[in-house]
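Undergrad: My request is simple: use the sequences and hints to build the entire structure.
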Amino acid sequence: MVMSTRRIRRRQVLASAAGGAGLLMLPGKAPAQGGAKKLAGVTLNVSCWSSSYPQFLADYIPEFEKATGAKVNYETPSFPIYNQRMDLELSTKSDAHDVINVTFIYIGRWIGAGWVVPLTDYINDPRKTPADWDVGDFLPGSTAAFKDRQGRLCAIPWIADVQMAGASRYDLIQQAGMKLPDTFDEMATMLKAVNRKDGIPGFAAENHYGWTFIPFLQGFGGNVFRNAPTDLTPVLDSPEAVAAADFFSNMLREYGPDGVLSYTYDQVVEGLKQGRINYSTNNETFLVQMAGAGSKVAKTCALSLMPGGPKGRFPNVAGHGWGIPVGSRNKDAAWEFITWATSKQLFQRMFRDHGYSSVTRRSLIDEPEFRQKLQINGIDVAQLYLDTLTLGAKGYTIYRTVPPYPPIDHEIDVAIQRIISKQQSAKESMARLQRNALTQLKRAGVKL
Amino acid sequence: MGLLPALLVLGLVTLGPALYLVVTSLTPLTPVNPATAFDFSDPLGNYKAILATGEFWRSVWVQVELSVVTVVTQVAAGLGLALLLDRPSRFLEVLRTGFLVPMVLPPIVVAIIWKVLYTPDISPLHHLLAWLGMPIHSLITNPATAIWAIAAADTWEWFPFTMLMLLAALQMVPQEPLEAARIDGANAVQLFWHVRLPYIRPTLVVTVLFRLIDSIKAFPLIYVLTDGGPGGATQVTNYYAFEQTFNFSYWGYGSAVATLMVAGVFVLSVAVTRLGGGGETVDE
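Protein chains in written order, with my numbering: chain G, 1 to 448; chain X, 1 to 284.
Hints are computed from structural coordinates only; laboratory data are not their basis.
Please note: incorrect hints may appear among the correct ones.
Dumping the calculated EDC-like pairs for lysine to aspartate or glutamate here, alpha-carbon to alpha-carbon at most 16 angstroms [stated by the list, open to error]:
1) G:Lys447 - G:Asp231
2) G:Lys197 - G:Asp171
3) G:Lys442 - X:Asp42
4) X:Lys115 - G:Asp258
5) G:Lys37 - G:Glu65
6) G:Lys427 - G:Asp246
Here are some chain X residues pointing at chain G (derived, C-beta under 7 angstroms) [stated by the list, open to error]:
7) Pro31
8) Val32
9) Pro120
10) His137
11) Ser138
12) Gly232
13) Phe246
14) Asn247
15) Ser249
Here a beta-carbon is modelled for each residue, glycine too, at the ideal position from N, C-alpha and C.
TA: Structure follows, in structure tokens:
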């Protein structure tokens, strides 16, 4: 007993000392420390999958380090590797990372399981959040998905990933007497007319078909689940789903470049920028690069809304955001990094320096400079961006955020590969996809 | 008694993780629900699910295809080169060292080299063949050729190993029986078949066994070149287990697949050793 009491007392003393030291470290409370910076001695491990914004961010991180004294270990692996690694790290409550990207399709799983820290307390604490950071400035559509069951925000979005369509050689389309397609039918007609003109393949899409195929699936009237999130019965073998898979696979097989099945997003972007692929349904953040530095098609490119099908227009809309794993030992410093990385000033600089335009802050989108700079060959891309976000607000992308979706996303990739490579017909492959989806759901413990 | 501590440590280090794998395979463990680590309510559930899954059996078939092709080509290429290099020459010694380069490269580097070679846009191989008037389509996105493309890369990486093993064995063959056979009028084929082969057979069996086991562990090439595609055409069992475990977090299920693989490798090892007459040596 005596031992126990003594131990508690020691702990109390240590805790009091630590608490006192912590209070002294707060802004405005710390005594002069010979120029010591706020986060001196702190090492932050930050990870996000590789994309435009995370790559651009790397250029500015030395400034954060210089200003705060923190050392930042920053990594940007590819999308699948990042997700695999982070799923493992988060599930084991590892302290390996302090700031992570909360990936859209893992929202239900990572936030639902309580693996990332709710940020509401940080946001509401004026000592930890700069007054001008303003959470209300983020587009409501970009933050809604990152809330837990109690409505607490668990990640701060750095991108509103919206899907559009774009042509690198719009001049060839015009020469064929056409404009950018508004419907799937028009798209098929246009691709037939321009494919291999000037030797350029007509169409390419990223081989993450669990993403690029879905707007076609929904446009034809199909879906992944019967009624997510309440009814997760897969409906991937419906006649609409088969028709969509047949259409999409045909477009890629007939009009895609050699080896289109292995095209990752960066290959598609590079192909567009170099004028080696004409048309793609792709994310805005990638398509606008056709008008940017290093592009050979800046003067001939054009963008439009994602075409629609018989049942309407369903462009992909998703978001990715910075979060703090519950295992992190540097949560306050991590929040400091997040507020810096999602500040209006930094987004503004990224837009000016790199043309990063998939921003999540409404005030920035409304700025005349933003609107004016996103006029690409006479097309108001900022308006297309807002229009797509408005479409996405209808909620048809909810299927992506249910916890058992990630394996089904992969099964969709494989099913479309089978059709494009002619291993199976669309009907056979989608029937197999349906069986596999049922198996995955059963394994995940979903009662159907 | 003196060996007991060492055996205990060895047992813990070697058998401990393996035993844990088997125990995990009896649970529906997923990190999303930590309580599943101790759920032994249906210990054979994973195994029943695996055996009823078409994707698993397809992966086994792909594995058989890949293993047969790679082991046969690597042993044939290695043996052929070893026979060519088995003579005293300074030039051949240098050449021998050059042949070892692919084997000492990190596997991921090998995979990147072949990724470049197999990507039509940037591949010197594709450009060369097109220039020669023999253009070919992407090999890794065609289900008919993808497994062969991986086998070619794997063979390039590992034939030096078989060459090295068999060359060492050939250099141990005593000269007397070779001389005697030559005096009796044996030609090169007869010398190989009746004299050299019996001497190198134990090494040959071990080499086949090593390559067979390694072929079942194939991963980096598949990961980088095809990601198991197109449409699962290159998804070997190892890759299937990886996807289930790390992509989808079905750790119990993945452990069961891994346990079946260990059992399969064990059975194969015994079979190959028996069929090859492993352990027998030539009476001199």
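Undergrad: Could you tell me which of the hints above the structure violates, numbers in ascending order?
TA: none
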